[in-house]
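These protein sequence lines map, in sequence, to chains H and S. The first sequence begins at 1 in our numbering and counts up one residue at a time. The second sequence begins at 1001 in our numbering and counts up one residue at a time.
Everything labelled a hint here was simulated from the structure, so no lab data went into it. Here the structure is a predicted model, which means the values were calculated and not measured. We put the beta carbon where it would ideally sit given N, CA and C, even for glycine. There could be a bad hint or two in this list.
What the hints assert, rightly or not - Quick partial rundown of chain S residues pointing at chain H, CB under 8 Å, derived from the structure:
no., residue
1, L1052
2, R1077
3, R1078
4, F1090
5, N1091
6, Y1100
7, I1104
8, R1105
9, G1106
10, L1107
11, S1108
12, V1152
13, V1182
14, G1185
As the list claims (entries may be wrong) - Restricting the straight-line Cα-Cα distance to at most 25 Å, the calculated cross-link-like pairs of lysine to aspartate or glutamate (DMTMM-like) are:
no., chain 1, residue 1, chain 2, residue 2
15, H, K131, S, E1066
16, H, K150, S, E1140
17, S, K1086, H, E3
18, H, K59, S, E1054
19, H, K131, S, D1053
20, S, K1020, H, D132
21, S, K1135, H, E24
22, S, K1358, S, D1239
23, H, K131, S, E1155
24, S, K1115, H, D132
25, S, K1068, H, E3
26, S, K1012, H, D132
27, H, K131, S, E1096
28, S, K1028, S, E1066
29, H, K128, S, E1140
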Amino acid sequence: MTEIWQGFLKAVELIITLDREVMEIAFRSLGISLSATLIASVLCLPLGGILQFYSFTGKRAVISLIQTFYSVPTVLVGLFVFLLFSRSGPLGGLNLLFTPTIMVLGQAILITPVLIGLTISALSGVDKSLKDTALSLGATNTQAIITIIKEARFSIISAILLAFGRAISEVGCVIMVGGNIRGFTRVLTTAIALETQRGEIELSLALGLILLLISLTVNLLLNIYQQRKV
Amino acid sequence: MSLLTVSNLSKKIQEWWILKDINLRLEKGKISTIFGPTGAGKTTLLRIIGLLDEPTTGFITINDLEVKAGINNSLLRRKISMVLQKPVVFNSSVWENVAYGLRIRGLSYDIIKKKVDEILNNFGLEKYALVNARKLSGGEMQKVALARAMVVEPEILILDEPTANLDIKTSGEVEEKIKDYVYSGKGTIIMSTHDLQQGQRLADHISVMHNGTITQYGDKGTVFHHPETVEVARFIGFDNILTGKIVDRVNDLSLVKISEHSLEVISNKPIGTEVDICLRPEDITISINRPASSARNTYLCEIKRVSYLNPLTRVELDGNIPLICLITSSSARDLQLTPGMKVYASIKTTAIRVIPKK
């Protein structure tokens, strides 16, 4: 028990003194997950919009498939990206394995289903007659769709924050494709996994605290934002 | 030339024909009312006219140009605006809601501000300008929806039951706005209603709709006084509808036999024609003694039920011909009408509407 308490105190000290390694890992983690969320959002929001507003054969099947992938194990995404980019894989020539770039890609793939799915739910949560209202006030189809997306803004931002939360807290994918290289691809989650195994409890706890802090901040933002929703 | 025409329009949703062969004309600068019970197809028709849905067959023209929903002809579709029966507001301020139509037309902020401020004042909504429209009551929301549609000054404004969920006061305000819009020459209005009196107050032309067809179309006076089908008659207040057969005729004065009794009516249909006799309850007079009057049809009846309402009283009579009458409550009290009493019911021949059976 004292060991944990000592570790905790040391962890707080590492954070307060802005320990160089701790800060570096934290910022890398943030950078990678924010980039992944940004890229995935830019792709998934229009895609979700298309799935919501246009009908085509097999639409239901596509949506069911996306929902199934909500809970895809992170290690499976890791394995998939690893196989794709490993030396002998189809994209091996790009030499991206064990770089931050591929970690961004992996996380972006990981959160894509959740983002598309939640975008669809957000858009379908908007009153159906709102589109009719926009059209009958003279909006073009595109203007009407933009109006609906604006109307769903609170739910869409919640979806993005949720996706970011999933990206920054996952460990399976980044450890497989990033390799946990110190000073290069080591992020909060992979560092915690490694340092705990090595018995470096203080460092693990410090990194864990930061991760917790980030999660709490994201959730706080989510709460504040949703309260603005009338 | 009519502003808008609807030709041979039908709409099928799944197995059901919601609209059957609708023909309709809108005259410029008038208020047209589509009048009918819930489920008659009014909303479906208005949505098609509003270019929100496509008809299964038939077409619509505006200024003799054929128009279709779905086609992104924003120039044409911007001439039409529709307020839905259950209006929805955007999740933004009242001011932004009303500005929507102007914004998407790409008008400058100065013009938008001028128009929006003006209409908000006119509608008495200026105090809510910065309030989120979703926080308003149903009545205020309806006014926002109306202001939002009127501010873009569409040539054709479509209103689906604009006062269906409103209290009398707000309903009156909305009716004033509807009249102002048309009488100030801003545009033409087509609206649906199931409120007979509202139709009478507002409409220039009335289309009566029943089971997906327009059973009668005409100006207000014609439709209200000369219903052409039993459905229309019943709907516009001819509560007494009796079935009989013409048994004798001298010129246009015919004798209709209804069960044991006969009734003199004005009709030029041949002897033997099966007819429906339609009669407004307020066109029946009740007397205690046999009256010496010009009314040609007088019957001895027994009062079955008396319901005092203000200011009119409804009296149900039972003779060989069952009749419902509406008289003022004061005369009902003067005559001391009670169930079981024998009274004379007189019907003016000119008040009887005769509709031949199809």
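Verification of the hints:
Checking L1052 (chain S) against chain H by beta carbon gives a least distance of about 5 Å; that is within 8 Å, so the hint holds. Annotation: R1077 (chain S) was flagged as interfacial toward chain H, and the flag holds, the nearest CB pair being 7 Å apart, inside 8 Å. Nearest Cβ of chain H to the Cβ of R1078 (chain S): about 4 Å, under the 8 Å cut. The hint holds. Among the interface hints, the one on F1090 (chain S) holds; its C-beta lies about 6 Å from the nearest C-beta in chain H, closer than the 8 Å criterion.
Below 8 Å, beta-carbon pairs count as interface contacts, and N1091 (chain S) has one with chain H at about 6 Å; its hint therefore holds. About 6 Å separates the beta-carbon of Y1100 (chain S) from the nearest beta-carbon of chain H, less than 8 Å, and the hint is met. With its C-beta approaching chain H no nearer than about 5 Å, I1104 (chain S) sits inside the 8 Å limit, and its interface hint holds. The beta carbon of R1105 (chain S) is positioned within 8 Å of a beta carbon in chain H (closest approach about 6 Å), and the interface hint is therefore held.
With a least beta-carbon distance of about 10 Å to chain H, the hint placing G1106 (chain S) at the interface is violated under the 8 Å criterion. With a least beta-carbon distance of about 11 Å to chain H, the hint placing L1107 (chain S) at the interface is violated under the 8 Å criterion. Violation of the interface hint for S1108 (chain S) is found here, the shortest Cβ-Cβ separation to chain H being roughly 17 Å, above the 8 Å cut-off. The beta carbon of V1152 (chain S) is positioned within 8 Å of a beta carbon in chain H (closest approach about 6 Å), and the interface hint is therefore held.
The restraint placing V1182 (chain S) at the interface with chain H is violated, with a minimum CB-CB distance near 18 Å, outside the 8 Å limit. Proximity of G1185 (chain S) to chain H is violated relative to the hint, the smallest CB-CB distance being about 20 Å (cut-off 8 Å). Between K131 (chain H) and E1066 (chain S), the direct Cα distance comes to roughly 24 Å. Compliance with the 25 Å bound is thereby established for this hinted pair. Restraint check: the Cα-Cα separation between K150 (chain H) and E1140 (chain S) comes to about 23 Å, which is no more than 25 Å; the hinted pair holds.
Distance hint between K1086 (chain S) and E3 (chain H) is unfulfilled; the C-alpha atoms sit about 65 Å from each other, more than 25 Å. Restraint check for K59 (chain H) and E1054 (chain S): the C-alpha separation of about 23 Å stays at or below 25 Å, so the hint holds. The straight-line distance between the Cα atoms of K131 (chain H) and D1053 (chain S) is roughly 12 Å, inside the 25 Å bound, and the hint therefore holds. Restraint check: the Cα-Cα separation between K1020 (chain S) and D132 (chain H) comes to about 24 Å, which is no more than 25 Å; the hinted pair holds.
For the hint pairing K1135 (chain S) with E24 (chain H), the CA-to-CA distance comes to about 47 Å; that exceeds 25 Å, so the pair is violated. Of the supplied pair hints, the one linking K1358 (chain S) and D1239 (chain S) holds, its CA atoms being roughly 20 Å apart against a limit of 25 Å. With a C-alpha separation of about 21 Å, the suggested pairing of K131 (chain H) with E1155 (chain S) holds against the 25 Å cut-off. Annotation: proposed proximity of K1115 (chain S) to D132 (chain H) holds, straight-line Cα distance about 23 Å (limit 25 Å).
Distance check on the hinted pair: K1068 (chain S) and E3 (chain H) sit about 77 Å apart at the alpha-carbon level, beyond 25 Å; violated. For the suggested pair K1012 (chain S) and D132 (chain H), the alpha carbons sit about 20 Å apart, so the restraint of at most 25 Å is met. For the given pair, K131 (chain H) sits about 16 Å from E1096 (chain S) by alpha-carbon distance, which is consistent with the 25 Å threshold. With a C-alpha separation of about 17 Å, the suggested pairing of K1028 (chain S) with E1066 (chain S) holds against the 25 Å cut-off.
With a CA separation close to 21 Å, the supplied pair K128 (chain H) and E1140 (chain S) stays within the 25 Å bound.
Consistency note: the structure conflicts with the earlier hints numbered 9, 10, 11, 13, 14, 17, 21 and 25.
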